[in-house]
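Asker: Chains Z and H, in that order, give the protein sequences. Counted from 1, the first sequence has number 199 at position 199 by my numbering; the numbering is strictly sequential. Whatever position you read off the second sequence (first residue = 1), add 1000 for my numbering.
Heads up, some of the hints might be wrong.
What the hints assert, rightly or not - Here chain H is said to cover these stretches of chain Z; the calculated rule only asks that three of the stretch's residues, wherever they fall, bring their Cβ under 8 Å from a Cβ of chain H: (1) 6-16; (2) 94-101; (3) 106-118; (4) 130-143; (5) 180-192.
As the list claims (entries may be wrong) - Below, a list of computed lysine-lysine pairs in the DSS-like style, where the Cα atoms sit at most 30 Å apart: (6) Z:LYS45 with H:LYS1193; (7) H:LYS1032 with H:LYS1048; (8) H:LYS1193 with H:LYS1206; (9) Z:LYS8 with H:LYS1048; (10) Z:LYS134 with H:LYS1032; (11) Z:LYS134 with H:LYS1002.
Simulated from the structure, these hints should not be mistaken for laboratory data. Using N, Cα and C, we set each Cβ at its ideal position, and we do this for glycine too.
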Amino acid sequence: MIEIDEDKLIRCPVCDAVNIDKGKKNSCRRCGSAIYHHKKFSTEKSWAYLITALIAYIPANLYPMLVTSAFGSREGSTILGGVVLLWEMGSYPVAVIIFIASIMIPISKFLILFYLLISVKYPLGKDKKVNKHKLYYFTEVIGPWSMIDVFVVAILAALIHLSSVEILAGTAATAFAISVFFTLLAAHAFDETLIKENR
Amino acid sequence: MKLENEDALNHYIICQQCYTLNEELPIEDGSKACCAECGEILYRYDSKLIDHALSWSITGLIFFALANAFPLVMIDLLGSEQFITIPKTIASLFANGFYIVGFLCLFLIFIFPLMILLINIVLFTLLKTGRGEDLTKELLILLSRITPWSMADIFFISILVALVKLIAFGQIHIGISFWALMAFVLIDLYITKSIRIPEIWMLRKKIFPKEAAA
């Protein structure tokens, strides 16, 4: 017979099994994967990925995402420019989708992860009202959807490929793909058990 | 909270969404258990889970093959007809020097979705025949690692967005692959969202009860 505090129970990030938090060296009883619990470097990995994503997000917005060259004239459009163009063309739903996927989702992910990473180290007074587990789950769910713009560029570039009319992917496509990739990594690297500890 | 031993924790489950501890109770065939705090689905019970999963995975694989073999979208552009297939889309990224985006697309929309299907087929075949105790464990770990990275559904929405952008260029025809991809995406969503990985672990525990005793 063992007695444990309910707060000492953690979920394995790989197989979802319930485990007892044994401090530094945890390995899941079911799948054997390590449940990281490093007292000193708890959030650094996630910070590093997040900052990389943030840096990549700057060129992603400044450089053109799509370069359209038609009969000799080249024209580049940035992410925001593309949204404005679609709006002016009258395709409002698509403009909204691109705006949400490429601008709102990355920015809200940055803000949520910033908040989570800061609040698990330096708990703020009003933290108790926010369900941070739900917030984290939300970032995990919405995260991949910002890839939409990259895929769209890939499809357009592959399809419109004549000598007179051509669409090319721009520098921003690479930067944006890297940015999304690193926000996803940052979210995965975040240790959910830290939320529990600082509740 | 008192426990007999550590294995008694098998009867508990922590909600994915709000991290609330829930006790696992036996439920009726075909029903689902929800979190007491937030209502998120915790697990389902399906007595024919293996057969269902296996048949869905094989159907998914057939649609995946169809989606990759035929043209996705065709367009009449200045008199010449252009078309794309999924492999061609990825290959053209490499051809234009976008290696990073190319690799990301290759993995996110081709390799990972395919791997999930193949892992499911192997995994459930092994569980059905009751063999491969260690292999099923490794496969399950691999499966939960790659599931968040499979983006076939997002790619499908991207095609829809791309179609709207293409209207300005010329007449668009939708190919066979488009419908196959739609079927594949729906099956993929069903497999990854409704057959939850903890359920497969529970199933594995029932099939290989020895490990629990050891």
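Asker: Which earlier hints can't be squared with this structure?
Answerer: 3 and 9
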